[in-house]
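Between the sequences and the hints, there should be enough to build the whole structure, so can you do that?
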Amino acid sequence: MGRTPCCDKKDLKKGPWDPEEDETLINYINKHGHGSWRSLPKLAGLRRCGKSCRLRWTNYLRPDIKRGPFTVDEEKLVIQLHAILGNRWAAIASQLPGRTDNEIKNLWNTHLKKRLLCMGLDPLTHEPFTPCAPTTAPRSSPATRHMAQWESARLEAEARLSKESLFFNSPPPLSKPDPDFFLRLWNSQVGESFRKLNREAKTECPSPISQASSSTKCASASGVTFDVCPNIVGSSSSTPRSNRIDASFSSCSNESEEDSSDTAFQLLLDFPINNDMSFLEDVD
DNA sequence: AACCACTTCAACCGCTTTTGG
DNA sequence: CCCAAAAGCGGTTGAAGTGGT
Numbered sequence: 001m002g003r004t005p006c007c008d009k010k011d012l013k014k015g016p017w018d019p020e021e022d023e024t025l026i027n028y029i030n031k032h033g034h035g036s037w038r039s040l041p042k043l044a045g046l047r048r049c050g051k052s053c054r055l056r057w058t059n060y061l062r063p064d065i066k067r068g069p070f071t072v073d074e075e076k077l078v079i080q081l082h083a084i085l086g087n088r089w090a091a092i093a094s095q096l097p098g099r100t101d102n103e104i105k106n107l108w109n110t111h112l113k114k115r116l117l118c119m120g121l122d123p124l125t126h127e128p129f130t131p132c133a134p135t136t137a138p139r140s141s142p143a144t145r146h147m148a149q150w151e152s153a154r155l156e157a158e159a160r161l162s163k164e165s166l167f168f169n170s171p172p173p174l175s176k177p178d179p180d181f182f183l184r185l186w187n188s189q190v191g192e193s194f195r196k197l198n199r200e201a202k203t204e205c206p207s208p209i210s211q212a213s214s215s216t217k218c219a220s221a222s223g224v225t226f227d228v229c230p231n232i233v234g235s236s237s238s239t240p241r242s243n244r245i246d247a248s249f250s251s252c253s254n255e256s257e258e259d260s261s262d263t264a265f266q267l268l269l270d271f272p273i274n275n276d277m278s279f280l281e282d283v284d
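Residue 1 is where the first sequence starts when you use full-length UniProt numbering, and the numbers rise one by one after that.
Read the hints as simulated data drawn from the structure, not as lab findings.
Every residue, glycine too, gets a C-beta built ideally from N, C-alpha and C.
Each hint should be verified, as a subset may be incorrect.
Simulated crosslink set (DSS-like; lysine-lysine; CA at most 30 Å straight-line) [stated by the list, open to error]:
#	residue 1	residue 2
1	31	66
2	13	51
3	42	31
4	42	13
Label pairs and their calculated CB-CB ranges [what the hints assert, rightly or not]:
#	residue 1	residue 2	range
5	71	114	10 to 20 Å
6	184	39	29 to 39 Å
7	32	118	44 to 54 Å
So this is what it looks like as structure tokens:
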């Protein structure tokens, strides 16, 4: 009864890998590819579970792994993507070449989460804490809210771009929002525009990460200190979303639908149509 | 120097999803 | 379509490292 173990646990080594094991695994995969992870340890002569081999390879031994501390830009990207995707570490990692889901998860749990807390933001929702929030009106889940925000922008984009008969390079979106759709959107010109808007918003009300004023200091994982916008710390639920760490979402918040659609629509109207299909050319 | 508290991150565990027969 | 195996994923753990007293 119960699940069959992923591998025969007896006589298997656990814990940290030693350099000899690493070398054995690298040599084997370079020679034969990983093939079936389950059978790899036996074939390679390792006393490890296949799962452990896969983890070791994908997280540490792969040649394209980027080691070293995260840059400020990478950290910002992780925060922004987390706002869209939530704890979908693998999906977030796919947007940061050379970084693994485990690494990003650790970064989030050890640095970024604390940083958001330090700034008075809820790491789950990326919104300012609202300790007296009414219990009668439960908040929508972050995923739902983000999906609604992106869906709003998507609908505007679809309306605009279908008019131009040039809707992305992907099939029409599903009626039920597909989480991966948000990644595609993020990578599309729409996503770029949101990021652009974010950058512009910072110049008006600098984001907590980049601004420098009389404020709370926090340390980033990359060793850079940053200042917390006084508007944000202790802000109430009436704080404009544009002041938050990810100003990009202010443009399509469903908390003020009028602003949302107006801004998003304006944003889309402002697309440089003559140039904006260049991203298609980059695709092989 | 010794101890303790705290932080970091590599690795494990168990669940879910995907794949193939 | 069903089922089992394999792969993938996210949460959690614990050893090692670091800083403070």
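Each hint, compared with the structure:
Of the pairs offered as hints, the one joining residue 31 and residue 66 holds, with about 22 Å between alpha carbons and a cut-off of 30 Å not exceeded. About 12 Å separates the Cα atoms of residue 13 and residue 51, which keeps this hinted pair within 30 Å; it holds. The straight-line distance between the Cα atoms of residue 42 and residue 31 is roughly 15 Å, inside the 30 Å bound, and the hint therefore holds. Between residue 42 and residue 13 the CA atoms are separated by roughly 13 Å; this keeps the pair inside 30 Å, and the hint holds.
Taken as a hint, the range 10 to 20 Å holds for the pair residue 71 and residue 114, whose Cβ atoms sit roughly 18 Å apart. The hint said 29 to 39 Å for the Cβ distance between residue 184 and residue 39, and at roughly 35 Å that hint holds. Under the hint 44 to 54 Å, the C-beta atoms of residue 32 and residue 118, about 48 Å apart, fit the expected range.
Of the numbered hints listed earlier, not one is contradicted by the structure.
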